[in-house]
Every structure is written in structure tokens, then in C-alpha cells.
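Protein chains in written order, with our numbering: chain S, 1 to 92; chain G, 1001 to 1364.
For the record, the hints were derived by calculation from the structure and aren't laboratory data. Any given hint could turn out to be false.
[To be verified] Below, simulated DSSO-like cross-link-like pairs (lysine-lysine); rule was C-alpha separation at most 27 Å, straight line:
(1) G:Lys-1123 x S:Lys-8
(2) S:Lys-19 x G:Lys-1268
(3) G:Lys-1081 x G:Lys-1106
(4) S:Lys-58 x G:Lys-1106
(5) G:Lys-1185 x G:Lys-1240
(6) G:Lys-1240 x G:Lys-1131
(7) S:Lys-66 x G:Lys-1021
(8) G:Lys-1108 x G:Lys-1081
(9) G:Lys-1131 x G:Lys-1299
(10) G:Lys-1106 x S:Lys-10
(11) S:Lys-24 x G:Lys-1002
(12) S:Lys-58 x S:Lys-19
(13) G:Lys-1240 x S:Lys-66
(14) G:Lys-1002 x S:Lys-8
(15) S:Lys-19 x G:Lys-1290
(16) S:Lys-66 x G:Lys-1043
(17) S:Lys-32 x G:Lys-1123
(18) G:Lys-1160 x G:Lys-1176
(19) G:Lys-1002 x G:Lys-1043
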Amino acid sequence: MCLAVPGKIKSIEHLYDGKVRMAKISFGGIIKEASLEMLPDADVDNYVLVHVGVAISKVDEEEAQKTFKYLEEIGELGELEDVHDYLPKKDE
Amino acid sequence: MKYMSEYRDPELAKQYLQEIKNTVTQPWSIMEVCGGQTHSLVKNGIIEMLPKEVTMIHGPGCPVCVTPLRLIDKAIHIALKENVILCSFGDMLRVPGSEINLLEAKAKGGDVRILYSPLEAVKIAEDNPDKEVVFFAVGFETTAPANALSVIHAHRRGLKNYSILVSHVLVPPAIKAVINDEESKIDGFLAAGHVCTIMGNSEYYPLSKDYNVPIVVTGFEPLDVLQGILMVLRQLEHNKAQVENQYARIVREEGNPNAQEMIYEVFKIQNQVWRGIGEIPESGYGIKQKYADYDATKKFNINIEEAPENPDCISGQIMKGIKKPFECPQFGKKCKPTNPLGAPMVSSEGACAAYYHFSGLVEA
């Protein structure tokens, strides 16, 4: 039910005297319409997450990389912790 | 698809699994609250690949499953009225009511339609001024802004023939109810990423602190779920209980303030009955007086008695994580997706349906 899918905004149009911003969004080539009323800053070429016809979040491209680097990062942190285990304590 | 397929990389998944194995030193139980995560865990075979110390407990995060029986009966009753078009999400149609389901109501002549978005229902109301259009609006916080928006659109366009039948549930009170249940023993939680996309993370800090449990806001792809599990385990193994955000590419700390504004324009928080679980205080949304004309329960003013649940269905224990689907004597026998005894066998996010389709426990 909470399924939401990221897609790229291809175009934006204003309906009902400009009150409603609707976007055409490409999901891997399949185009569907979604409301942008909850993302006033979203623009063409942005990736947005769409749930039941409403865009609810803009994808943060920098954060999107973190899942790929997390293991490396905790590996490095782990090594640092290990090094500290071998170093003499300050008051020793 | 970008921002989806990269999070399904099998090589990195193996590395995550290895790191999970390296991290765990003792048994832990982790609940994934959201049915979408249950689906991902079972479908991708992650449960079998986790080390035996890690038990995943499937939470109540399937809105279709927790929609009260009485409300489903009410929807069926409305659908069978003359001049009514009843619309909802596809999953709702096969959920058993006390006698029939909505799909059978359609076969009996009711105008029942499956929609992708509540905004489509408003369009149907506009195109059919001589009919009453009712949207059966179920969901967690994720879906609330869209359902609220449909009411706002109808109001703006002056439509008098649109209303919603609401069954909205909220995650934080459910987590609290699960922790407080004497039978459940959960060490940490994966919080539902798309719920937090709307509401942000602030509601989870007091929960994590008061109950001393790690809560990691987590996404839905295999790598997301694996990373979420690893983050919970690292906290548990280091005796920490914090809120972390695995799904920061989508979830902002404050959530989506515009969406929250939309929700509180139309809805107010109220006590809510969860099918299989019971009433949980302040765990749902009802329609504010200002929009009472769009409330289907007021418009159709029907009194439906609470019907008894099927005594063979143990969905309450399944959704509180006390029992696994295959521990139910009816699982795969009397109860199948084609003939569900309870809602968790219907929805793709229901734990029973996920186990039926993907776990290999039932011969096809």
C-alpha cells in the first residue's frame, strides 16, 4: 500500500487557474501523471518519489550514494577503533 | 530504473550479509513495521540468508489487513446502493467482509472500480454528476496526503457528490502497542521509510528513548533492508538505542511539511480500531467537521453491527509478530490467496500472502 516509485519529471503543467501543478513523470520510460502540490520546488529533470498519483519527496542524489559506501565507511571506522585498542591509554 | 535497480545489486547484498554475520554475537529479534518491507524480505529470500541469531518479526504495517471488518461491510453496503460508484485501491477488493467481499459486490451489480489514485475518483465524480462517488480511503500516513488532497480538490471544484470512507492508521502508536504487548519480545525496529517521508523522524525519538530500542528508518529495496538490519544490529551489539535514517535519499528529518499541512487541513487524530488487534488510542485519522460533507459515514448514515471474525484466522497474532504464517493450521490449506480467511492472505503486503507466494513453504 505504501508502495512508492522514483521517476524523472519530464514536463509540468498548471491546471485549475494555476492552483494545481501536475507533472508528466517517466518511470523507466513509462509516463504517468502525478500532482506536484506537495513539492512546490520540484522542477523538470528532478527525480521524485510518487505514491498513488502524488509526488511526495525529491530524491537527494548525494544521500543516494551512501548505501554503496556504508560498508566501506564502517570498515574504516572499525579499523580506527581497533587501532585505539592497541594504543596506550593517555594516563598510562 | 534509476534509484531502484542499483539497490538490488547481488554482490553488495552478499557483502552486507557477510557484515551482518560478522556483527552478530547473540540472538536478536527485529520487527520490520511495514508490509512492503515484509514483502521485500520474503520475496528476495533475505530471511533465509540472515544468520540464525537474527529473527525478523513481521509487523502490522499492512493497511488493508488492519481495516476493520465493520468498515468493509459498510463499503460493501454502500457499493450495492443505486447510483453509487465505489472506488478503492485494488488490494481492498478481495478482503473478506463478514459475508462477501467488494469484488463479489461488483459481481452482484455494484459499480465498484479499482483506481491507482484518489485524485482519479474526484475526476469520476466530476464526470458523473448524477452519481455519488465514494473513495474507500485506507492507508498509513504515506497515503493520507493524497486522500486529503482528493477532498480538497472536490471542495475547490464545488463537487457535492464526492465523499471518502476513511480507515487511516498511524505507525508510532502501533509500535507502542506492539512493544507494550506482553507476548511480544522485540529488540529493535525498522521504521517504515515512506511513512517517515511524510511525517519525518521526530515521533520516533521519544519511542526509542522511552523503550530503549533502536529504530532505523529504512527503505524497501534489498540493499536498503539489509543496511537497515545491519544498522539496528550494530546498535544492539553496542548497547545503543537511537533513531537512525538509512533512507536519507528520500526521508528528510522534518518529513514533507506541505504534505503534513494537507493532512491536518482535512483530518484529525482519533482512536482507531485495528482489525485483529483492537482499538489503539489516537492511532488513526477522522475527517474534521469543516469537511463533514465529504465523510461517507455521515453521508450514508448506515448502522452496521460488528460481525464476528472467522474463528480459524489468527491474523491478530500474525500482525503483532507473535506467530509466523506457517504456524497457523489453516495456512496454505483452508486459507489461500484464492480463498483467504483473513486479510493478511489477501494483500501483497500481508505476511501470509508473502509467505504463500515466495517462501517455498507451499507447493504451487
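Quiz prompt | Violated constraints from the hint list, given by number and in increasing order | solution = 4, 6, 10, 18
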